[in-house]
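Protein chains: 2
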Amino acid sequence: MSHIARVFIEQPLRLDHPVVLPEGQSKYLLRVMRLTDGALVRVFNGQDGEWACSLSVDRKVAVLTPTKNLRPQENGPELTLLFAPVKKARTDFIVEKATELGVSDIRPILTDYTQSQRVRTDRMRLLAIEAAEQTERMDLPDIQEALSLPRALAEWDKTIPLIFCDEGGRSAPLADFANQLTGKTAGILIGPEGGFSPKERDMLHALDFVIPITLGPRILRAETAVVSALTLWQSLFGDWQKAPYLPEAE
Amino acid sequence: MSHIARVFIEQPLRLDHPVVLPEGQSKYLLRVMRLTDGALVRVFNGQDGEWACSLSVDRKVAVLTPTKNLRPQENGPELTLLFAPVKKARTDFIVEKATELGVSDIRPILTDYTQSQRVRTDRMRLLAIEAAEQTERMDLPDIQEALSLPRALAEWDKTIPLIFCDEGGRSAPLADFANQLTGKTAGILIGPEGGFSPKERDMLHALDFVIPITLGPRILRAETAVVSALTLWQSLFGDWQKAPYLPEAE
Numbered sequence: 000m001s002h003i004a005r006v007f008i009e010q011p012l013r014l015d016h017p018v019v020l021p022e023g024q025s026k027y028l029l030r031v032m033r034l035t036d037g038a039l040v041r042v043f044n045g046q047d048g049e050w051a052c053s054l055s056v057d058r059k060v061a062v063l064t065p066t067k068n069l070r071p072q073e074n075g076p077e078l079t080l081l082f083a084p085v086k087k088a089r090t091d092f093i094v095e096k097a098t099e100l101g102v103s104d105i106r107p108i109l110t111d112y113t114q115s116q117r118v119r120t121d122r123m124r125l126l127a128i129e130a131a132e133q134t135e136r137m138d139l140p141d142i143q144e145a146l147s148l149p150r151a152l153a154e155w156d157k158t159i160p161l162i163f164c165d166e167g168g169r170s171a172p173l174a175d176f177a178n179q180l181t182g183k184t185a186g187i188l189i190g191p192e193g194g195f196s197p198k199e200r201d202m203l204h205a206l207d208f209v210i211p212i213t214l215g216p217r218i219l220r221a222e223t224a225v226v227s228a229l230t231l232w233q234s235l236f237g238d239w240q241k242a243p244y245l246p247e248a249e
Numbered sequence: 000m001s002h003i004a005r006v007f008i009e010q011p012l013r014l015d016h017p018v019v020l021p022e023g024q025s026k027y028l029l030r031v032m033r034l035t036d037g038a039l040v041r042v043f044n045g046q047d048g049e050w051a052c053s054l055s056v057d058r059k060v061a062v063l064t065p066t067k068n069l070r071p072q073e074n075g076p077e078l079t080l081l082f083a084p085v086k087k088a089r090t091d092f093i094v095e096k097a098t099e100l101g102v103s104d105i106r107p108i109l110t111d112y113t114q115s116q117r118v119r120t121d122r123m124r125l126l127a128i129e130a131a132e133q134t135e136r137m138d139l140p141d142i143q144e145a146l147s148l149p150r151a152l153a154e155w156d157k158t159i160p161l162i163f164c165d166e167g168g169r170s171a172p173l174a175d176f177a178n179q180l181t182g183k184t185a186g187i188l189i190g191p192e193g194g195f196s197p198k199e200r201d202m203l204h205a206l207d208f209v210i211p212i213t214l215g216p217r218i219l220r221a222e223t224a225v226v227s228a229l230t231l232w233q234s235l236f237g238d239w240q241k242a243p244y245l246p247e248a249e
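As given, the protein sequences belong to chains A and B, one line each in that order. Residue 0 is where the first sequence starts when you use numbering that gives the first Met the number 0, and the numbers rise one by one after that. Residue 0 is where the second sequence starts when you use numbering that gives the first Met the number 0, and the numbers rise one by one after that.
Bound conformation, chain A alone:
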């Protein structure tokens, strides 16, 4: 069933309750995906689990009727990515990969060396939806408004560890902080190309809830650091012990 279209919708999903899709999504299903009357679609909304739905077409409008619940709702761990936007394609990539790797929240932050001050959270949300559809997750990451680094740190819940990928330092690997990171919730902070400024690094190192870690001997680009850090956290403290959902096995 993984080759069956899988779509995120905003409306509630209940057995036999038809959902009329808005124009953009109707067009997408009918014209881009070329689905026709009677097609089977997998649908999730971040609340009601995943449903098999039957598609009907009513004057160019797509209507989805839930016919069977496939999976109950299940959300990933509470993991926030804070990242400094980089160039467009690489920022897109960060949002896509963070969604694939199961973050619950994405917060753009503006730092001393952030080149891109224009943050398109609407675009990020569309990318996150697309990635969530293809990666089989059942919830969407929440795309939060951009904040300056000092403000993001001031607003951070100090009981939650914030992992700071410190390429300018002599920090220890993530695994060494296992005793501080068992709470199943964390933040991961990735700087822009060129890293954090000396002032920012001093500020971060002075905060009790910030855990500086190394990502090895090579300098990683921002988007590589995002994927590497999220991978390490998920494999050590997150939900990677869970088996993948295999729709073929249904």
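Please note: incorrect hints may appear among the correct ones.
Identical chains blur together in the list; that is why a pair holds if it fits in one copy or across any two.
[Said to hold, decoys possible] With a straight-line cut-off of 30 Å between C-alpha atoms, the simulated DSS-like cross-links for lysine-lysine are:
1) Lys198 x Lys241
2) Lys26 x Lys59
3) Lys87 x Lys26
4) Lys198 x Lys87
5) Lys26 x Lys67
6) Lys183 x Lys241
7) Lys183 x Lys157
8) Lys198 x Lys86
It is worth saying that the hints were derived from the structure and are not from the lab.
For this one, chain A is given, so just place chain B on it according to the hints.
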């Protein structure tokens, strides 16, 4: 010194022995990077370590003269990535990220579900050079010719474990295979979008040197799986215990 240009060249590097750059590279340094006579450049060739070189310009040709050895030659672990080429931008990304994450060899493989049969190893080499320059590594990954999956497996050195990222299975995480993976050399095999065919999966599961692993409960795109698997191997068995090279500290 990380803001000083860092370039890979093909020629030997010896103290006070000037190297005349070929036309393409001369143009790049003089026109794109806009370096002028007397500029300092960091240079490596994968053999002789990293050198500070002084640039001189002789009738539009760039000449680099090594003035000081900055670091002795040091190569990363022997880690081969075997991957099925996907769409162009994502294949480029895989080569760039594999280089950043310190692989020694990159081998494109053609599988049952590989969409792209055209493999541009020349282009991959250019991407690998660019990524090696920016990631501070001192060697280049070797870009090998594309092979079919059965042939790549037949030619594989059976004493080296081949880690197979099996998204269709119920495999264990990489860390569970620590006793089989301490040899500091390994291969990592990543399939195309859609994974491996049932026939290929049977073939892989039947081979003694193949270690099937899971990359968590979500379905990852091919390029995400590459970064995740390389990150895990490097952090568990590779060189991530080493501190980064910090040219600023020179």
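Each hint tested on the structure:
1. Lys198 x Lys241: between (40 Å within a copy, 25 Å between copies)
2. Lys26 x Lys59: Only inside one copy: Lys26 and Lys59 sit 8 Å apart there, 56 Å across copies, limit 30 Å.
3. Lys87 x Lys26: Classified as both: same-chain Cα gap 26 Å, cross-chain 27 Å, threshold 30 Å.
4. Lys198 x Lys87: within (26 Å within a copy, 40 Å between copies)
5. Lys26 x Lys67: Within one copy only: 24 Å inside, 63 Å across.
6. Lys183 x Lys241: both (14 Å within a copy, 28 Å between copies)
7. Lys183 x Lys157: within (15 Å within a copy, 39 Å between copies)
8. Lys198 x Lys86: So Lys198 and Lys86 pass the 30 Å test inside one copy only (23 Å; across, 41 Å).
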